[in-house]
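*Asks:* If you want the building blocks of each chain, they are given just below.
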Amino acid sequence: MGLLYDPDRLKRPLIRRDKRGSQVFEEVDWKTALDHVAEKLSKYTATPEALALYSHGYGGTWFKHLVKAFGTPNIGAPSDAQCRGSRETAFALTYGSPLGSPEHVDMPHSRVITFIGSHLGENMHNTQVQDLATAISHGAQLIVVDPRFSTVAGKARHWLPIKPGTDIALLLAWMHVIIKERLYDREYVEQHTVGFDELKKHVEDKTPEWAFTRTTIAPEVIVETARLIGGARPASLIHPGRRTAWHGDDTQRLRAIAILNALVGSYGRKGGFYIPAKPELPKYPTPPYSRKRAQPADWQKGQNYPFADSILAHGLRDAVFPGTADYDIKAWLVYGCNLPLALPQPERTREAMEKLDFIVAVDVLPSEITGWADVVLPEATYLERYDDIAAPPYREPYLALRQPVVEPLHDSKPGWWIARELANRMGLAEYFPFENVTEYLQTRLEKGGYDFAELKEKGVILTEPQPLYIEDGLEPTFCPDTNKIEIYSQKMADAQMPGVEPLPHYTDPEEPNRADEEFRLLFGRSPVHTFGRTTNNRFLSSVVSKNVVWINRQIADEMQVTCGDWVVLVNDTWTCGTCGKQHSGKSRPSAKCSGCQAEPAEFVQEKPVRSDPIQVKRTRRIRSDCVYMVHGYGHDSKGLKFARGRGASDAKLMTRVQVDPVMGGTGMNGNFVRIEKTTAPKEAQS
Amino acid sequence: MSRKRYAMVVDTRQCVSCKACVLACKAENEVPDGFSRDWLMEEVWGDYPNLSAENRSERCNHCTNTPCVHACPTGASHVNEGGTVLVSHNKCTGCKACIAACPYNARYTHPAGYVDKCTFCLHKVQRGEQPACVSICPTKTLFFGDLNDPTSEVYKLLRSRRFKVLFPETGAKPNVYFLY
Numbered sequence: 000m001g002l003l004y005d006p007d008r009l010k011r012p013l014i015r016r017d018k019r020g021s022q023v024f025e026e027v028d029w030k031t032a033l034d035h036v037a038e039k040l041s042k043y044t045a046t047p048e049a050l051a052l053y054s055h056g057y058g059g060t061w062f063k064h065l066v067k068a069f070g071t072p073n074i075g076a077p078s079d080a081q082c083r084g085s086r087e088t089a090f091a092l093t094y095g096s097p098l099g100s101p102e103h104v105d106m107p108h109s110r111v112i113t114f115i116g117s118h119l120g121e122n123m124h125n126t127q128v129q130d131l132a133t134a135i136s137h138g139a140q141l142i143v144v145d146p147r148f149s150t151v152a153g154k155a156r157h158w159l160p161i162k163p164g165t166d167i168a169l170l171l172a173w174m175h176v177i178i179k180e181r182l183y184d185r186e187y188v189e190q191h192t193v194g195f196d197e198l199k200k201h202v203e204d205k206t207p208e209w210a211f212t213r214t215t216i217a218p219e220v221i222v223e224t225a226r227l228i229g230g231a232r233p234a235s236l237i238h239p240g241r242r243t244a245w246h247g248d249d250t251q252r253l254r255a256i257a258i259l260n261a262l263v264g265s266y267g268r269k270g271g272f273y274i275p276a277k278p279e280l281p282k283y284p285t286p287p288y289s290r291k292r293a294q295p296a297d298w299q300k301g302q303n304y305p306f307a308d309s310i311l312a313h314g315l316r317d318a319v320f321p322g323t324a325d326y327d328i329k330a331w332l333v334y335g336c337n338l339p340l341a342l343p344q345p346e347r348t349r350e351a352m353e354k355l356d357f358i359v360a361v362d363v364l365p366s367e368i369t370g371w372a373d374v375v376l377p378e379a380t381y382l383e384r385y386d387d388i389a390a391p392p393y394r395e396p397y398l399a400l401r402q403p404v405v406e407p408l409h410d411s412k413p414g415w416w417i418a419r420e421l422a423n424r425m426g427l428a429e430y431f432p433f434e435n436v437t438e439y440l441q442t443r444l445e446k447g448g449y450d451f452a453e454l455k456e457k458g459v460i461l462t463e464p465q466p467l468y469i470e471d472g473l474e475p476t477f478c479p480d481t482n483k484i485e486i487y488s489q490k491m492a493d494a495q496m497p498g499v500e501p502l503p504h505y506t507d508p509e510e511p512n513r514a515d516e517e518f519r520l521l522f523g524r525s526p527v528h529t530f531g532r533t534t535n536n537r538f539l540s541s542v543v544s545k546n547v548v549w550i551n552r553q554i555a556d557e558m559q560v561t562c563g564d565w566v567v568l569v570n571d572t573w574t575c576g577t578c579g580k581q582h583s584g585k586s587r588p589s590a591k592c593s594g595c596q597a598e599p600a601e602f603v604q605e606k607p608v609r610s611d612p613i614q615v616k617r618t619r620r621i622r623s624d625c626v627y628m629v630h631g632y633g634h635d636s637k638g639l640k641f642a643r644g645r646g647a648s649d650a651k652l653m654t655r656v657q658v659d660p661v662m663g664g665t666g667m668n669g670n671f672v673r674i675e676k677t678t679a680p681k682e683a684q685s
Numbered sequence: 000m001s002r003k004r005y006a007m008v009v010d011t012r013q014c015v016s017c018k019a020c021v022l023a024c025k026a027e028n029e030v031p032d033g034f035s036r037d038w039l040m041e042e043v044w045g046d047y048p049n050l051s052a053e054n055r056s057e058r059c060n061h062c063t064n065t066p067c068v069h070a071c072p073t074g075a076s077h078v079n080e081g082g083t084v085l086v087s088h089n090k091c092t093g094c095k096a097c098i099a100a101c102p103y104n105a106r107y108t109h110p111a112g113y114v115d116k117c118t119f120c121l122h123k124v125q126r127g128e129q130p131a132c133v134s135i136c137p138t139k140t141l142f143f144g145d146l147n148d149p150t151s152e153v154y155k156l157l158r159s160r161r162f163k164v165l166f167p168e169t170g171a172k173p174n175v176y177f178l179y
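From first to last, the protein sequence lines stand for chains A and B.
Quick note on numbering that gives the first Met the number 0: the first sequence kicks off at 0 and runs consecutively.
Quick note on numbering that gives the first Met the number 0: the second sequence kicks off at 0 and runs consecutively.
The hints are simulated quantities; they were obtained by calculation from the structure and are not laboratory data.
Note that the coordinates shown come from a computational prediction; the quantities given were computed from them, not determined experimentally.
You may find that some hints are simply not true.
[To be verified] With a straight-line Cα cutoff of 27 Å, these simulated DSS-like cross-link-like pairs (lysine-lysine) come out:
no.	chain 1	residue 1	chain 2	residue 2
1	B	K123	A	K457
2	A	K300	A	K354
3	B	K139	A	K269
4	B	K139	A	K457
5	A	K18	A	K637
6	A	K329	A	K30
7	A	K591	A	K606
[Stated by the list, open to error] Which chain B residues face chain A? A few, computed with CB under 10 Å, are given here:
no.	residue
8	C14
9	V15
10	A26
11	V30
12	L39
13	N49
14	A52
15	E53
16	E57
17	T92
18	A96
19	A100
20	T138
21	T140
C-beta atoms are modelled at their ideal positions from N, C-alpha and C, and glycine is treated no differently.
Pulled out of the complex, with its shape left as it was, chain A reads as follows:
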């Protein structure tokens, strides 16, 4: 409701009348706006790959269909390489298929759940949080590995405040103990996996004592938690997490998580991972995409990510710079992605947006991206429109319908209508042959043997339950070729690349420099808000309206700051003149370049990035080597009259990324900040 009646909503189509970044627009009617967009995009009819689509959310299906019909392969979302991409790749490499969303974890039946850096509960993925609550009410024990004492850590039997970036060491040590003490599921491992012997050898020297010096977790705690994990097999879930792009070795970490689950035999078993089912629902009949599609442009020339399953959102940005990729991206269609705040290296995103020939944004609110678009198309909110039917793989196969409860306010239009109108103007009408969205939905449902009226009334139709577990007689299928769980990945070994080792490989993380008063910047979510999308929602903000920075109590006392004091976070960057690798440091780093061994004299200091002022939370709930803030604040779009200037943006500080060599993900937890005291901003004083 806060969104529906948000006074700042986009109300009418807008066409830019000044340079990008300034919010000078002319309100136009839909015909003018759509004609203009179609004319601009039609310029790429012969080279459709010059158009990239960014899309996040259910409503994006219409626009994906539109651009596929147009002929571009460049469809990306920050929710892959910046989020769960490494997890999907790791599970695909180990079990043969990615986890998908919703992830098929069987928490309600778990006896022990282990969270590695996942702050479920603050991350309010509703179904999962409900499942976690059910697990707790059934007496499940929790182990939470997190540098911060999160809400879920407060419910755990063991909280392991690990040194950030060393999770693989802990996971290997757990495997060491579980194998040594024969706490693994021998029958399952024998029947369903390949590569156990190689793993056994690999972890032989990864003792709890070895892990202690890296993780700071005491050896006896590692042994005790390993026994808890192994003892509860197979109803012992090592949760795969969700936003997993941390340190650039993320596929390796997620592989370690996947393998640990295989050791306790949890995949395909009750209390571990159930095997999901998906209802059959035919597509609406449209012609096949006729145009031959080019290779996507998300890799820079010469780059090779051997196991990239999805298109890299930041790669589509980099391809805007001429000559970076095999061909240049010239235009963006952006659906529901606030790219200036959703991609790391925001400065580079800004430069790309200045370079593009054309940007069109479809959005509900005047988010930052709309300030850079040439045309802004106001979409109806989820309460005012139909979207396509959702039927993802799940515990109980289901069909769900998003349907309007009120007519679209202002002059906003539903996504399906916008996409179809563009298609009609771009010579792609045959791909949108339906009369209207209800005819589209009705046809799909009838072909699948479902009743539209019933779905409209109930909202969700549950279909025939399927067996979920191996113990129910379900025959699981695993990796192609072997049909086994691949503990040792021959495919990764064949790639012969550093960082793509066939067994989870630990490397020491870069650490913040104590002498330079640096802290690792960690970020997460508030249960009240959905990323930065809802921070302008006045109703939700009546409960949480800003973020704060968590600082360890002892450190805060040393710095003489306390709760409510204002600070600015500063990220210092030095770029290696030889290889371009970025290093942190208030003063010139003393070590050679970790990328090319160049002398520190070669480093060039970048302009330090400073955050907006933010208030301190002095707390014993975080390690002394990192600070934490909630993502989604620090909006600077003038149109977001409520959110603008509230809290600070973590995205702005994400100057350094650690790229995952396996799939191209952008690890963002390697940014270090200094804390500078400041005075309260004017607005806060009044």
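Given the coordinates of chain A, assemble chain B onto it according to the supplied hints.
*Replies:* Just chain B now, with coordinates in the frame of chain A:
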């Protein structure tokens, strides 16, 4: 049938402080900006790294011995159905004596001049519904019912689980119970 005794049971182990209860209450009861009738407490004990925590959704305790009602000079604060403590807006002069008397800081002065607080959503309960906070809670933290009814969930929970009340030393005999 014996008299009703309404109570709320809060399972602190289930709560993740998502604040859905606060938002549901604000929407249901049109609580003005800057105020709320229920709120979250995250209490943490210990020293790093040996910490423990409790998440509590808190509100008026609808006490059996009512300090607020005793303090009220006009009879605005009164005991209603099932022991629910309510404020009659038309009798309230906004003198704040009840606010000073309440051990739980559960009351606030509404911008319209009267004192306001949680009603256990009695208007909904009388229709056979659950209070707004209870019905929205995604983690099944909150339970509402009649403690004099042995078949009610709240009765069974207090018969089977370890619980506490806040500030029992005040003698107010609160009717919001916390499982832990």
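*Asks:* Are the hints correct? Go through all of them and say.
*Replies:* Hints, one by one, checked against the model:
1. With a C-alpha separation of about 24 Å, the suggested pairing of K123 of chain B with K457 of chain A holds against the 27 Å cut-off.
2. Using a Cα cut-off of 27 Å, the hinted pair K300 of chain A and K354 of chain A holds, with the two alpha carbons roughly 19 Å apart.
3. Taking the CA atoms of K139 of chain B and K269 of chain A, the gap is about 23 Å. The hint holds against a cut of 27 Å.
4. This hinted pair checks out: K139 of chain B and K457 of chain A have alpha carbons roughly 23 Å apart, not beyond 27 Å.
5. Taking the CA atoms of K18 of chain A and K637 of chain A, the gap is near 16 Å; set against the 27 Å cutoff, the hint holds.
6. Annotation: proposed proximity of K329 of chain A to K30 of chain A holds, straight-line Cα distance about 24 Å (limit 27 Å).
7. A hinted pair counts as satisfied when its Cα atoms are at most 27 Å apart, and K591 of chain A with K606 of chain A qualifies at roughly 21 Å.
8. Restraint check, C14 of chain B versus chain A: the minimum CB separation of about 9 Å is within 10 Å; hint holds.
9. Residue-level restraint check for V15 of chain B holds (minimum Cβ-Cβ distance to chain A is 4 Å; threshold 10 Å).
10. Taking 10 Å as the C-beta contact cut-off toward chain A, the hint placing A26 of chain B at the interface holds, the least distance being around 7 Å.
11. Satisfaction of the interface hint for V30 of chain B is found here, the shortest Cβ-Cβ separation to chain A being roughly 9 Å, below the 10 Å cut-off.
12. Hint status for L39 of chain B: holds, given a least beta-carbon distance of 9 Å to chain A, under 10 Å.
13. Against a cut-off of 10 Å between C-beta atoms, the interface hint on N49 of chain B holds, since the closest Cβ of chain A lies about 9 Å away.
14. For A52 of chain B, the suggested interface contact is upheld, since its CB lies about 3 Å from the closest CB of chain A, less than 10 Å.
15. Hint on E53 of chain B holds. Least Cβ distance to chain A is approximately 7 Å, under the 10 Å limit.
16. Hint on E57 of chain B is violated. Least Cβ distance to chain A is approximately 14 Å, over the 10 Å limit.
17. Proximity of T92 of chain B to chain A is violated relative to the hint, the smallest CB-CB distance being about 28 Å (cut-off 10 Å).
18. The interface hint given for A96 of chain B is broken, as the beta carbon of that residue sits about 28 Å from the closest beta carbon of chain A, more than 10 Å.
19. The interface hint given for A100 of chain B is violated, since its Cβ lies 27 Å from the closest Cβ of chain A, which is over the 10 Å cut-off.
20. This hint holds: T138 of chain B has a C-beta 4 Å from the nearest C-beta of chain A, less than the 10 Å allowed.
21. With a least beta-carbon distance of about 8 Å to chain A, the hint placing T140 of chain B at the interface is held under the 10 Å criterion.
The structure is inconsistent with the numbered hints 16, 17, 18, 19, although it conforms to all the rest.
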